[in-house]
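Numbering (my numbering), first residue to last: 2 to 120.
Do not take every clue at face value.
Computed cross-link-like contacts, BS3-like style, restricted to lysine-lysine with a CA-CA straight-line distance of at most 25 Å [claimed, not checked]:
1) K99 x K86
2) K102 x K81
3) K102 x K86
4) K99 x K81
Restraint ranges, calculated between C-beta atoms of paired labels, are given here [claimed, not checked]:
5) R87 x F26: 16 to 22 Å
6) R100 x V13: 18 to 24 Å
7) G31 x K99: 32 to 38 Å
8) G8 x T46: 20 to 26 Å
9) R100 x I27: 14 to 20 Å
10) E29 x G112: 33 to 39 Å
11) G31 x G112: 20 to 26 Å
These are computed hints drawn from the structure, not numbers from a lab.
Heads up, the beta-carbon is just placed ideally off N, CA and C, and yes, glycines get one too.
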Amino acid sequence: MVDEWWGSTGEVHPLPSMMPTDSSFIAEVGGVPALAVTVYLTNSTEVAYVENFIGNPSLSGESRRAAASVLADYISVFAKSLGHKRLVCMTEKESLVKRYKELGFIPTLSGVTALMRET
């Protein structure tokens, strides 16, 4: 399902094995999967990384926005419960920067592009 959501974006999406079962979460709205996100835990309690925040393309509006807020709060509590002090995410898309700010994230670096290479 999450793979299908990514397919609709036209972006390189995570492989299923890149979504650990113990730190990947799906939020539902009215019993329908609405959003998914993965928290990559590090061996330093200073930071954990938020990646692959994706939404069901068939859902939009205030209920989706509310579910994103609940999910962002949930992953903060999750990371904190494991001793992590900060959640970090990266994006260069202004719409996502705006949305992450609405979810309580603050800018740290500007002009950074995340890159990946298949091995």
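To see whether the hints hold, each was checked on the structure:
no.	hint	verdict
1	K99 x K86	22 Å, holds
2	K102 x K81	19 Å, holds
3	K102 x K86	18 Å, holds
4	K99 x K81	24 Å, holds
5	R87 x F26: 16 to 22 Å	18 Å, holds
6	R100 x V13: 18 to 24 Å	20 Å, holds
7	G31 x K99: 32 to 38 Å	26 Å, violated
8	G8 x T46: 20 to 26 Å	35 Å, violated
9	R100 x I27: 14 to 20 Å	18 Å, holds
10	E29 x G112: 33 to 39 Å	36 Å, holds
11	G31 x G112: 20 to 26 Å	39 Å, violated
Against the hints set out earlier in the document, violations occur for numbers 7, 8, 11.
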